[in-house]
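Undergrad: Take a look at the letters that make up each chain.
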Amino acid sequence: MSGIQTNIKAKAHVYGDHIDTDRIIPGKYTKTLDMSTLANHVLEDLDPNFNKIVKQGDILVAGINFGCGSSREQAPLALKQAGVSVVIAQDFARIFFRNAINIGLPVLELANHKIDKGAELDVDLKTGIVKDLTGGVTYTATKLPDIMINILNEGGLVNYLTKNGSYSL
Amino acid sequence: MGQTISEKIISNHAGKKVYAGELVISDVDGCMASDTTGPLTIKAFREMGGKKVFNPKKCALIIDHAAPSPNERIANLHKMMRDFAKEQGMRLFEIGEGICHQVMVENQYVKPGDIFIGADSHTPTYGALNAFACGVGSTDLAATMMTGKIWLKVPQTIKINCSGKLQDGVTAKDLILFLVGKVTVSGATYQTIEFTGEAFEGMTLASRMTIANMSSEMGAKTGIVHPKGLKLDYDFEAITPDDDANYIKSFDFDVSGLEPQVSAPESPDNVHNISNYEGTKINYAFIGTCCNGRLEDLDIAAEILKGKKIHADVRMVIAPASQSVLLDAISNGTMKTLIEAGASLITSGCGPCVGTHQGVPADGEVVISAANRNFRGRMGNPNSNIYLGAPSTVAASALEGHIVNPKKYLL
Ligand code: SF4
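So the protein sequences, as listed, match chains A and B. Under this note's numbering, the first residue of the first sequence is numbered 1, with each subsequent residue one higher. Under this note's numbering, the first residue of the second sequence is numbered 1, with each subsequent residue one higher.
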């Protein structure tokens with residue numbers, strides 16, 4: 001996968017269900033093309049400490065319906081800019097899911113995970129296998145549609161279209 | 001095998017018969033971005049090598065989320081959109097022309113049977129028109145503007161059948177709030193909702209837009225109101241589902257006894273009969289948005305407020321969904337009634353809905369709003385609480401200073 005690290009070993013920041021895009025990045029900060037503004041306010045209404053404790057490469061873990069609400073692509077961009085390397089959730093809201101893949105932020109769906117706050121995870125994006133080294137459990141993520149794998153392999157939709165000119169199945 | 005409305009519309013565009021679960025690359029009939037998503041769309045369009053949009057007549061940009069610009073940063077983003085529209089020969093809807101979804105429908109950028117892609121999560125609103133419309137993010141939209149296409153997984157369909165007629169004083173908003181409460185905020189993720197049954201058949205286009213709009217609050221890819229009873233100013237061929245179409249789930253509700261509904265903080269599916277919240281003191285009442293800023297919404301508020309003054313401890317903000325709605329509300333006297341009652345009129349557009357400007361609530365304040373979302377921080381202050389209700393509920397509550405059932409003012 002060009003531009004995307006496929007093997008990630010990092011710490012999990014774990015949050016709950018239905019984290020909406022207003023909580024990922026409030027609407028008042030979205031009108032910008034300056035990515036550092038986004039990163040400075042990421043998750044601020046949910047956990048004001050997040051941007052102080054997150055380290056480059058860390059993993060964000062959530063429950064069901066992650067990213068519901070607005071279509072703002074600033075949500076995955078803010079997470080990516082803040083250093084998040086992959087988002088793992090029980091499931092995702094559909095626009096967030098597409099947006100994340102399109103901007104090259106990997107997302108994995110683990111339907112029944114029980115990952116705890118602070119767990120060390122070992123993620124293989126190629127196989128979708130997630131080892132919870134702290135909890136001692138191994139999970140396999142739901143497979144992405146092929147077109148999404150192709151987009152992610154290129155590092156996002158911009159690279160995919162630059163290379164291919166249009167979509168193909 | 002029979003097909004749902006979505007399967008039929010997508011089949012018509014993909015050039016072959018398709019069913020839920022299949023991946024298709026489909027032509028689109030129109031696309032748009034707002035000032036929240038447009039600048040990133042333009043940036044992505046350029047980065048992917050875009051030179052010309054696929055068809056300037058089918059692409060639009062709308063300045064509505066922060067209009068007029070509240071600061072220089074946003075002013076510069078608006079300028080970037082104006083420059084791009086000029087360069088591409090496509091229409092840009094200026095500040096005050098209205099909310100993206102309202103102007104797309106009024107200006108016929110979308111019609112029955114179309115596939116429309118919008119860089120805004122409430123794009124499913126056009127399901128009111130018997131169209132298949134979904135929201136995407138900026139990079140997806142840039143790709144659509146460049147290629148005229150979108151990749152889609154044909155969604156499964158949930159059928160929601162509502163029998164019975166709504167009582168007087170109970171509106172489309174009460175019905176859709178009730179349904180969001182039943183289906184929940186993630187109950188329709190990735191799926192289409194087909195709204196069908198007697199309760200929808202007599203609805204105006206405006207009410208149908210309120211219904212389809214809040215499909216987004218159930219996580220749906222889109223929501224389509226059955227075209228039975230749909231009246232438009234032009235002729236159209238209605239797309240109806242086959243009798244043997246396959247639904248992943250069906251709901252049946254008799255809504256003839258439905259009471260006005262309220263969604264309490266801080267999730268749109270936290271819905272209850274209004275009686276549970278009557279008496280809750282409010283500071284701020286808001287009518288507007290792509291959900292409930294149309295003429296019939298302002299008219300019902302005016303009916304309640306005519307000749308009266310809103311409560312001394314309440315302020316009220318009105319944002320008509322478009323300039324055309326505003327002009328109609330001026331001509332029929334509604335706007336005068338609302339302003340005389342003490343409401344404050346702001347520019348047609350999203351206004352305070354998304355917390356950027358034009359009416360952010362203070363700490364500890366309670367808002368009753370005709371919008372579609374009440375997530376924490378939605379209106380710009382995470383320390384305020386937002387209740388959602390019908391425009392009638394908002395107007396009656398503004399009058400009394402607390403949440404109240406509007407029925408007594410409407411019978
Ligand atoms: S009115 Fe509110 S919900 Fe509708 S498009 Fe504008 S910000 Fe979004």
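In case anyone wonders, no lab produced these hints; they're calculated from the structure. One thing to keep in mind: the hints can contain errors.
Stated by the list, open to error - Straight line, CA to CA, 30 Å or less: simulated DSSO-like cross-link-like pairs of lysine-lysine:
| # | chain 1 | residue 1 | chain 2 | residue 2 |
| --- | --- | --- | --- | --- |
| 1 | A | Lys28 | A | Lys52 |
| 2 | B | Lys17 | A | Lys52 |
| 3 | A | Lys28 | B | Lys43 |
| 4 | A | Lys28 | B | Lys231 |
| 5 | B | Lys17 | A | Lys143 |
| 6 | A | Lys55 | B | Lys43 |
| 7 | B | Lys182 | B | Lys58 |
| 8 | A | Lys163 | B | Lys231 |
| 9 | A | Lys163 | B | Lys43 |
| 10 | A | Lys114 | B | Lys43 |
What the hints assert, rightly or not - Residues of chain A clear of chain B, computed beta-carbon distances all greater than 10 Å:
| # | residue |
| --- | --- |
| 11 | Ala39 |
| 12 | Arg98 |
| 13 | Ala111 |
For glycine and all other residues, C-beta sits at the position ideal for the given N, C-alpha and C.
Undergrad: Run the structure past the numbered hints and jot down the numbers of the failing ones, going up.
TA: 2, 4, 7, 8, 10, 12
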